[in-house]
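Modelling step: build the complete structure from the supplied sequences, incorporating the hints.
Residues per chain, in single letters:
Number of protein chains: 2
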Amino acid sequence: MTSNGTETPDTDRLMYEDLAVGDRFEAERTVTFSREGIVDFAADYDPQPFHLDDDVDDASPFDGLVASGLHSYCVCNRLATEAFFGRVAFLGGRGVDDLRWHRPVKPGDTLTVAVEVVDKRPSESDPRRGYVDVDVTGQTPEGDAAVTWRVLGMIQRGGSAATSEE
Amino acid sequence: MTSNGTETPDTDRLMYEDLAVGDRFEAERTVTFSREGIVDFAADYDPQPFHLDDDVDDASPFDGLVASGLHSYCVCNRLATEAFFGRVAFLGGRGVDDLRWHRPVKPGDTLTVAVEVVDKRPSESDPRRGYVDVDVTGQTPEGDAAVTWRVLGMIQRGGSAATSEE
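Line by line, the protein sequences give chains A and B.
Heads up, the first sequence is in the UniProt record's numbering, so the first residue is 1 and it goes up one at a time.
Heads up, the second sequence is in the UniProt record's numbering, so the first residue is 1 and it goes up one at a time.
Note that these hints are calculated values from the structure, not bench results.
Small disclaimer: the values here were computed from a predicted structure and weren't measured.
Treat the hints loosely; a few may be bogus.
If chains are identical, the list can't say which one is meant, so a pair holds when it fits in one copy or spans any two.
[To be verified] Here are the simulated SDA-like cross-link-like pairs (lysine to any residue), alpha carbons at most 20 Å apart as the crow flies:
id : residue 1 : residue 2
1  : 120       : 131
2  : 106       : 94
3  : 120       : 100
4  : 106       : 48
5  : 106       : 148
See the structure below:
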């Protein structure tokens, strides 16, 4: 452990105090889903016929191969990390609520990500942390949501707040 | 598309009618998380310092390298597919609620999975489908939950129900 009790807060990243409800962060790039990438991910983590092959069942709600919902979630989490979670002093997620898939993601589809701060409050048990909840939207470049979820996050508090406030 | 309107329901898999609230399905194997696997997954989808390296920040709630929560979710979804989603005529998930991480997953940790049916009801818009919600628990072999979530799923209805009932 590097813990020594006197470490300076990480000032390269945004702290709890730097964030306000309504703040928005957008990924600076997009990701395009390839057929091979969709099939490889599904083979590892979600091996269902409609994520592995075009030859889907008659009753399937999908017309041909679609990406696993976990795949779009993971790829968009990478973009959300670049846009937000990696730019703040993020201490981990307590959980995720309301993970929803709004449209199928198919080979050739392109997504980007927007993150919005929807709630924040200090931790009562640890003055070095605050709770920050954010809504993540994985969307087409035209702004149509494909996958959305809310992260219940913990973010480090800044110097004075972390040692003396409240 | 293979759709021809006369296809026989997939009788190799459990249908909507075969499932009852309270039914439980357990994975027949475990997965052990390696340091390399944890770091590789995080580098792709969740590149945070505490998922990539042991040298974590002083304020981090984690003591050393921990797996991304998305990683434990994905690995346990693979086990849940073997135990349940791949054994039923699954038509996809409408969403996931209450994704929660209860303990850190570290290199060398082993998880298995249990799935329990918690709700079912026919689709009003499509007689070929029913809604089935299941709780998934990724847990240690001793039964301590590490990650839990609820899948809001759709499952194919059987022959007579799918063509004539209600």
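Going down the list of hints, with the structure as the test:
Only within a single protomer do residue 120 and residue 131 lie at most 20 Å apart by alpha-carbon distance; the minimum there is 5 Å, versus 35 Å between protomers. In this assembly of identical chains, residue 106 and residue 94 lie within 20 Å of each other by CA distance solely across copies; the values are 17 Å between and 31 Å within a copy. In this assembly of identical chains, the alpha carbons of residue 120 and residue 100 lie at most 20 Å apart only when taken from different copies (19 Å versus 23 Å within one copy). In this assembly of identical chains, residue 106 and residue 48 lie within 20 Å of each other by CA distance solely inside one copy; the values are 15 Å within and 28 Å between copies.
With identical chains, the CA atoms of residue 106 and residue 148 are at most 20 Å apart within one copy only, with a shortest distance of 17 Å there and 28 Å across copies.
Hint check: no violations occur; every hint is consistent with the structure.
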